[in-house]
Structure formats: C-alpha cells, structure tokens
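Chemist: Below are the chains, spelled out letter by letter.
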Amino acid sequence: MSIVSDKNRLVLEHRAMRERWGEAARWCCNSGRTVYWWEYTVRVEGNEFPIRVAYPDDYPASPPEIIFDVELPGNTPHVLRSGRVALPGVRMCWFYPGESKRSRNVWNPATDTAAMAIGVAHRWCLAFVVWLSTGNWPVPDAANVVA
Amino acid sequence: MSGSFKPISPERAEQIRQALQRARASNQGIAIDKQTGQFTGTAPLNQGAQEKVNMIGKFDTHYRG
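Residue numbers (the numbering used here), protein chains in the order written: chain A, -10 to 136; chain B, 1376 to 1440.
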C-alpha cells in the first residue's frame, strides 16, 4: 500500500517534515506515482550529502529507506547496496530489523516519521566524515555493543 | 552524482568522535548548525526546538550491511 493511500498518515508525515526541516525537504514521486520520497541535502562539516528518504510499500510498519543520491567511496561501511524501494543508490544502514533490546534504535511506526530519518542521517553523515578522516567509524557497531 | 568529500582535521575528528560517544552514553542529541553544517556539540533533547540546531537522539548505533 502506498503512503498516499493513508491520508491521515500522509498529513502527519508532511506536518512533521515541515515543522522540523522547513522547505529544505522536497516531496517527490516517480512518473507512475508508485514510489514517493523526500529529497534533502545533509550538510555536515563542509560536505554535502544529497539523500532521498523513500517510503516502502509497507510503511509505516517498516521504516523509510535513506538512499544516497551521491556516490560514496566503495569501502564505506554501514551501508546496504540494495533495498526494497525501487530507487537506485546505496542505502544507509541505520536500524536493525527485529531489534528489541536497544529501544532507542527501534523503529516505532506510531511515533517515528520520515522527518526523524533526516535527523538520523545527520548523525550518520557526521560519523562518515570522521571515518573518512581517520579510517575509524566513531559510533559502535551493533556487534560490539553491550545491550 | 560522484561524491567528492573533504576530510576534517584529526583534532576535529577526535572532538566529534568523543561527542558522538558521549551523546550515545548520555542519550543526548547531536547539534549541527543548519546554516553552516558545523557540528556544535551535544545537548539535551528537550532543547531540540532551538533555531539553527538539529537534534538527533535516536538510532545512535550503526549496523553493518
């Protein structure tokens, strides 16, 4: 089911996006109006990361995908090379499906929106800049975190 | 679009690394100036409505793809 078929959710998503990110986020869809996403450019420490925050068919049960609209170095960690949404680009690996122990990192369909995903993207991009500069990712890997 | 990313100084990287870990440990947000994109520190999440500051206090663990 597309995000636009749930009018209440659509209103919630747009309201949250405008309140948090103003007009910097742009609402987009493909020509067939089957895929919907927000375009936004994350600016961090002198670098720009154009991203798309795209809605999967089962949204909000599943979180949005954060897709880079820019080519990242081939060895960039914490990314997925493909996803479920029919858009090209590397995906940010920002949550773990089925996560239950670290509540801060669990997608909550009732309260979380695509606007929050842009906030998440800022944290990820900040970590990326540190990794780019030092070779070390500054945020713990899931496998190394004690719940 | 091919990315051309600029590294930051080792001192700045260390400053950000410590802040990211401190924020995670204390459940605080990351503050980034919306105009300049510069990281400005950490702050409690209830200050999230401040102008020019992006507060992010969730999804602070990154997973391997």
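Hints listed in this document are in silico derivations from the structure and should not be mistaken for laboratory results. A couple of the hints might just be wrong.
[Claimed, not checked] Okay, the calculated beta carbon distance ranges per label pair:
no., chain 1, residue 1, chain 2, residue 2, range
1, A, S20, B, P1385, 43 to 49 Å
2, A, D46, B, Q1396, 33 to 39 Å
3, B, P1385, A, S(-6), 33 to 39 Å
4, B, S1384, A, A75, 18 to 24 Å
5, A, R22, B, N1402, 36 to 42 Å
Positions of the beta carbon are idealized from the N, C-alpha and C atoms, including for glycine.
Chemist: So, for every hint listed, does it hold in this structure?
Modeler: Outcome of the hint check:
no.	hint	result
1	A:S20 to B:P1385: 43 to 49 Å	47 Å, holds
2	A:D46 to B:Q1396: 33 to 39 Å	36 Å, holds
3	B:P1385 to A:S(-6): 33 to 39 Å	50 Å, violated
4	B:S1384 to A:A75: 18 to 24 Å	40 Å, violated
5	A:R22 to B:N1402: 36 to 42 Å	40 Å, holds
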